[in-house]
Amino acid sequence: MKIKKLNLISYGKFNNKEINFSDGLNIVYGKNGSGKSTVMAFIRAMLYGFSGRGAVSINDRKHYLPWGGQTLSGSMDIKTDEGKEIKLSRTSGKSQGFDKMSCFDISNSEEYDFSAENVISCGEDAFLKTLCIKQLQTAFSGEDSEISKKLINLTQSACEDIDTEKTIEIITNYTKLFKALRGDKGIISDTEKEIAALNERIYAAKEKRLSAFTIANKRKEILSKKEDLEKKLAKTESEIENAKNAELFIALNSLLKEASENENKIKELYEKLQKNEKILQSLSAYSEDAPQEMFTPHLETASIKKEKNELISKIKIATLAAVTLAILTALFLISGFFVPPLFAPCLVAAVGTFISAANRTNLKDKLHKSEADLARAEEHNSNISALLSKYGVSDIREYAEKSAEFTRAKTENENISSTLSSLSLKKEELAAKIEEYKKKTENLTYVEGLSDIDTLYNKRATLGNEISTLLAESAHIEGVLSADSDPDEAPEILQAKLSELIIKRDEALEEYEAATLALDTINAVFSEMRSDFTPLVNEKASSYLKELTGGDIDKIYIDKKFSVTAEKEGVKELSYFSLGTADQTYFAIRKAICDLLFGKDKPLFIDDAFLQYDVEREQKAFDLLKKFADEGQQIIFFTCKEYPEIEGANIINL
Amino acid sequence: MVKIVHSGDIHLDCAYIGFPTDKAKIRAEEQLLSFQRIISKVQEEKADILLLSGDLFENDFVTYKTAAFLKREFEKISDVHIFISPGNHDCISGNEIYKNFDLGENVTVFSPKLSYEEIAKLNVRVYGYGFSGKDDSIDISAELDDKYINILLIHASLPPYSDTNPISRDALIKSGYDYIAAGHIHAHEGFIKYGSSTVAYCGTPEGRYFDECGEKGFIVLDISKDEIKGQFIKNSYRITDKIEIDVSDCFVTGDIIEKLGTLNKNNVYEIVLCGTPSENAFFESATIENALKDKAFFVKVKDKTEKRKAEFSGITQQKFIDALNKSGASEKIIKRAAEIGILALSGEEIK
Numbered sequence: 006m007k008i009k010k011l012n013l014i015s016y017g018k019f020n021n022k023e024i025n026f027s028d029g030l031n032i033v034y035g036k037n038g039s040g041k042s043t044v045m046a047f048i049r050a051m052l053y054g055f056s057g058r059g060a061v062s063i064n065d066r067k068h069y070l071p072w073g074g075q076t077l078s079g080s081m082d083i084k085t086d087e088g089k090e091i092k093l094s095r096t097s098g099k100s101q102g103f104d105k106m107s108c109f110d111i112s113n114s115e116e117y118d119f120s121a122e123n124v125i126s127c128g129e130d131a132f133l134k135t136l137c138i139k140q141l142q143t144a145f146s147g148e149d150s151e152i153s154k155k156l157i158n159l160t161q162s163a164c165e166d167i168d169t170e171k172t173i174e175i176i177t178n179y180t181k182l183f184k185a186l187r188g189d190k191g192i193i194s195d196t197e198k199e200i201a202a203l204n205e206r207i208y209a210a211k212e213k214r215l216s217a218f219t220i221a222n223k224r225k226e227i228l229s230k231k232e233d234l235e236k237k238l239a240k241t242e243s244e245i246e247n248a249k250n251a252e253l254f255i256a257l258n259s260l261l262k263e264a265s266e267n268e269n270k271i272k273e274l275y276e277k278l279q280k281n282e283k284i285l286q287s288l289s290a291y292s293e294d295a296p297q298e299m300f301t302p303h304l305e306t307a308s309i310k311k312e313k314n315e316l317i318s319k320i321k322i323a324t325l326a327a328v329t330l331a332i333l334t335a336l337f338l339i340s341g342f343f344v345p346p347l348f349a350p351c352l353v354a355a356v357g358t359f360i361s362a363a364n365r366t367n368l369k370d371k372l373h374k375s376e377a378d379l380a381r382a383e384e385h386n387s388n389i390s391a392l393l394s395k396y397g398v399s400d401i402r403e404y405a406e407k408s409a410e411f412t413r414a415k416t417e418n419e420n421i422s423s424t425l426s427s428l429s430l431k432k433e434e435l436a437a438k439i440e441e442y443k444k445k446t447e448n449l450t451y452v453e454g455l456s457d458i459d460t461l462y463n464k465r466a467t468l469g470n471e472i473s474t475l476l477a478e479s480a481h482i483e484g485v486l487s488a489d490s491d492p493d494e495a496p497e498i499l500q501a502k503l504s505e506l507i508i509k510r511d512e513a514l515e516e517y518e519a520a521t522l523a524l525d526t527i528n529a530v531f532s533e534m535r536s537d538f539t540p541l542v543n544e545k546a547s548s549y550l551k552e553l554t555g556g557d558i559d560k561i562y563i564d565k566k567f568s569v570t571a572e573k574e575g576v577k578e579l580s581y582f583s584l585g586t587a588d589q590t591y592f593a594i595r596k597a598i599c600d601l602l603f604g605k606d607k608p609l610f611i612d613d614a615f616l617q618y619d620v621e622r623e624q625k626a627f628d629l630l631k632k633f634a635d636e637g638q639q640i641i642f643f644t645c646k647e648y649p650e651i652e653g654a655n656i657i658n659l
Numbered sequence: 003m004v005k006i007v008h009s010g011d012i013h014l015d016c017a018y019i020g021f022p023t024d025k026a027k028i029r030a031e032e033q034l035l036s037f038q039r040i041i042s043k044v045q046e047e048k049a050d051i052l053l054l055s056g057d058l059f060e061n062d063f064v065t066y067k068t069a070a071f072l073k074r075e076f077e078k079i080s081d082v083h084i085f086i087s088p089g090n091h092d093c094i095s096g097n098e099i100y101k102n103f104d105l106g107e108n109v110t111v112f113s114p115k116l117s118y119e120e121i122a123k124l125n126v127r128v129y130g131y132g133f134s135g136k137d138d139s140i141d142i143s144a145e146l147d148d149k150y151i152n153i154l155l156i157h158a159s160l161p162p163y164s165d166t167n168p169i170s171r172d173a174l175i176k177s178g179y180d181y182i183a184a185g186h187i188h189a190h191e192g193f194i195k196y197g198s199s200t201v202a203y204c205g206t207p208e209g210r211y212f213d214e215c216g217e218k219g220f221i222v223l224d225i226s227k228d229e230i231k232g233q234f235i236k237n238s239y240r241i242t243d244k245i246e247i248d249v250s251d252c253f254v255t256g257d258i259i260e261k262l263g264t265l266n267k268n269n270v271y272e273i274v275l276c277g278t279p280s281e282n283a284f285f286e287s288a289t290i291e292n293a294l295k296d297k298a299f300f301v302k303v304k305d306k307t308e309k310r311k312a313e314f315s316g317i318t319q320q321k322f323i324d325a326l327n328k329s330g331a332s333e334k335i336i337k338r339a340a341e342i343g344i345l346a347l348s349g350e351e352i353k
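Quick mapping for you: the protein sequence lines, in order, are chains A and B. My numbering numbers the first residue of the first sequence as 6 and each following residue consecutively. My numbering numbers the first residue of the second sequence as 3 and each following residue consecutively.
Be a bit skeptical, because a hint or two may be false.
[To be verified] Mimicking DSS-like on lysine-lysine, the simulated pairs with C-alpha atoms at most 27 Å apart in a straight line are:
1) K149(B) with K509(A)
2) K48(B) with K295(B)
3) K195(B) with K244(B)
4) K230(A) with K240(A)
5) K27(B) with K198(A)
6) K230(A) with K73(B)
7) K272(A) with K262(A)
8) K101(B) with K184(A)
9) K27(B) with K211(A)
10) K22(A) with K84(A)
11) K211(A) with K136(B)
12) K136(B) with K149(B)
13) K27(B) with K328(B)
14) K306(B) with K213(A)
15) K73(B) with K231(A)
16) K353(B) with K334(B)
17) K230(A) with K67(B)
18) K371(A) with K319(A)
19) K438(A) with K272(A)
20) K270(A) with K432(A)
21) K509(A) with K231(B)
22) K198(A) with K509(A)
23) K136(B) with K176(B)
24) K25(B) with K509(A)
25) K304(B) with K223(A)
26) K115(B) with K5(B)
27) K295(B) with K171(A)
28) K502(A) with K149(B)
29) K328(B) with K181(A)
30) K105(A) with K261(B)
31) K605(A) with K7(A)
32) K270(A) with K249(A)
33) K190(A) with K334(B)
34) K334(B) with K198(A)
35) K115(B) with K149(B)
36) K149(B) with K181(A)
37) K319(A) with K369(A)
38) K184(A) with K328(B)
39) K213(A) with K73(B)
40) K181(A) with K337(B)
Think of the hints as simulated: they come from the structure by calculation, not from any bench. Given the structure is predicted, the values throughout are model-derived calculations rather than measurements.
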């Protein structure tokens, strides 16, 4: 590829500025500020478009905004490697998206499908890092060690900015984010742990959901059990009702029984009353108390009679005795006159006679009395007998018995009457009660063989308790079922989170895989570069360096220590060389890499790379450039230094 | 004419993957509302039969509350014959509802064996097959009595699908059913004739995920022995919409919002960014989602933009890319490894 012509229609300070290049060595000369960098930037912009990125220095839009206008515009004629001459035009729009580019074949004006990659075989970055060579000091304003590093980078990776060690470190560190070298650290493992934890929560949440169905089934069982119990309860209630009825029947029965007993009693008493009534009628004579005299006993007459007889006898004896003694007294009295001593017996006999007479008088009184007693007794006895006969009783005992019987019957009847009146009262009461119970039981049926009502009440209470227990259980289950469980622990919510975690984990795995692949591949590439590319660069650069230094240094070998072998002085490190030599080494390596990458087909842009060279080496450098041009490579050399005329060079003064 | 409502693939209690929790909860509620609309339609149309062609709920997540909800809803239409052919998400072996829960006397759940229920007064026989949970292969052929309107209710993959429980075109043609009410595919694809059979997927009544875009609904059928008139009834509570937008000329979030235009506030959107944005563009999915959060029910932004082709920028890079391409890893991994490698080679931290 060759650049034939530039037309800077409006770009930076230029307006319709045309620059023609030869296919060989071109030297663009201009003082500072004359626009060398602008021309270089224009070439880049023509190839790769107007950049709008970053700092002003590399931002075409900001840096090269035309002084008079708002649009960057220009064209560049190129001869491609296939020999086609094309015109490439670009005009900037309000933003990068609106930039316009056109390209056509100059020979036939047909549209040409331009791409920088096809025409110049590299991207913008590579273009700047390979085909554009600056002075080493300008390129890197750092220290020697930094320069060495860049040179090492250059030989090892063909790019001064690629630091193999740093590259490896960056990727390695990146992989460690995902999987630590040791231990189970890193995003992958962390996410795996989160996934495992979440899985457990999901499992638990699902179990909980399933348990709701189990619980619901349990409730169903409970409700059916409750239904059974309610049936039993209803049955018990009816039994209780029946039992209550039965009590009415029993009460009625007992009332009936009581009424019948009452009736019997009344009948019995009434019979007794009638019987007593008869007795009272028959014994009415004895209704009053017996006359007092009837109670006097029959007097004993026999003893009185015997006493009278004995008294009569005794009177006879006493009379006899008194007569006898009176005779004797008379005898003795007479005799005593005759015989005085006989007065004594006469006295005794007289006394005797007196006593006997007295005794006889006494007995006689007694007899009179006894006779009066007897008469009185006999009258008394006759009176009593008359009374007894009047009452028709044989004696007072019989009267007493009959009177007592009368009294008894009378008293009894009085009692019976009173009892009867209370019994008839009771009869009325019972009849009323019976009527009441009959009414109560009128529509009831009597069921026999029922449990005792208390047992039934107990049964009812037990059933009621069981039912309320079941109801409570059921209500509890209802509560559990309708309770809002933590909505954030719902398995579908967790599952959604899990899916995101799995995506995260899978992405991390992929990222790790990609990073590992990048790392392995980069290592392999670096190793290949070291074994294949680096020696070639060394070899080629050595030959250029030999020419540039006029053989002072004939061999260059750059390793990690940046050792350079010089012909006479043996191995010497870069730091031993002058800045000029370092510059020349840099140029040699850059050119060598370009050769290796592009051959000689692509133009080489050199930006005042020889400023540090002494005159001799400067001459050798231009000789080398002429040699490159002779070999067919287009060289565009930008400089602010006026060099002696160089044969065959196309000089462009800005 | 017998009036039939055919729905399915309702997926009650599903996980709303990709939705934030608060939105997921709202969507779960709305799914129930969406189901109630079907029941309302059954009432409104005075339908004789409600066919539910599987995936009524998801075994993994179904709640007792949902079971109770279904029972209540079915009770509302107690005079309607309800048939369910369980699908792969509500397969019989995997849930308590079909096994132990009483959904109501008017509900028939088909077992994993082709069988039928006859509704004499309607002159209809409904054949059905419930998904067992294993990899089922169903023979849908039955000795049909042409006197009856023969309906097959099934959850299966019909041509051209074949992922779950596939039924071949031949089997459909030979089957002879008057109507095959199918579930499994979440979109109604019209009424298709296979031989004498009219076959239709009812689709899901509510689009839930980003691959269930557009109006969703169910089917209302008027069927006699001679004629089938089917109608798709829109039911979606919310519509899921997918918008692909080329953001090649967008630089900031505002550009994308402007380009999107007005969104329906009720809808769920998946916005797929595509194209090749400038390297100077800076917008991220999260900021776009945030900017749109009040403009629709929920917006998910998927970035499928192509990065500008990694330019060849040096021999190391080139060798690296070449080596990657030969690594045998998947295209995706190689692409990402290339990005990582190029960033590392430039000394930049990896993003």
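Here is what the structure says about each hint:
no. : hint                 : verdict
1   : K149(B) with K509(A) : violated, 58 Å
2   : K48(B) with K295(B)  : violated, 41 Å
3   : K195(B) with K244(B) : violated, 30 Å
4   : K230(A) with K240(A) : holds, 15 Å
5   : K27(B) with K198(A)  : holds, 26 Å
6   : K230(A) with K73(B)  : holds, 23 Å
7   : K272(A) with K262(A) : holds, 15 Å
8   : K101(B) with K184(A) : violated, 46 Å
9   : K27(B) with K211(A)  : holds, 17 Å
10  : K22(A) with K84(A)   : holds, 20 Å
11  : K211(A) with K136(B) : holds, 21 Å
12  : K136(B) with K149(B) : violated, 34 Å
13  : K27(B) with K328(B)  : violated, 48 Å
14  : K306(B) with K213(A) : violated, 40 Å
15  : K73(B) with K231(A)  : holds, 22 Å
16  : K353(B) with K334(B) : holds, 16 Å
17  : K230(A) with K67(B)  : holds, 23 Å
18  : K371(A) with K319(A) : holds, 11 Å
19  : K438(A) with K272(A) : holds, 21 Å
20  : K270(A) with K432(A) : holds, 11 Å
21  : K509(A) with K231(B) : violated, 48 Å
22  : K198(A) with K509(A) : holds, 12 Å
23  : K136(B) with K176(B) : holds, 25 Å
24  : K25(B) with K509(A)  : holds, 21 Å
25  : K304(B) with K223(A) : violated, 48 Å
26  : K115(B) with K5(B)   : holds, 26 Å
27  : K295(B) with K171(A) : violated, 42 Å
28  : K502(A) with K149(B) : violated, 53 Å
29  : K328(B) with K181(A) : holds, 25 Å
30  : K105(A) with K261(B) : holds, 21 Å
31  : K605(A) with K7(A)   : holds, 11 Å
32  : K270(A) with K249(A) : violated, 31 Å
33  : K190(A) with K334(B) : holds, 25 Å
34  : K334(B) with K198(A) : holds, 26 Å
35  : K115(B) with K149(B) : holds, 23 Å
36  : K149(B) with K181(A) : violated, 73 Å
37  : K319(A) with K369(A) : holds, 9 Å
38  : K184(A) with K328(B) : holds, 25 Å
39  : K213(A) with K73(B)  : holds, 21 Å
40  : K181(A) with K337(B) : holds, 20 Å
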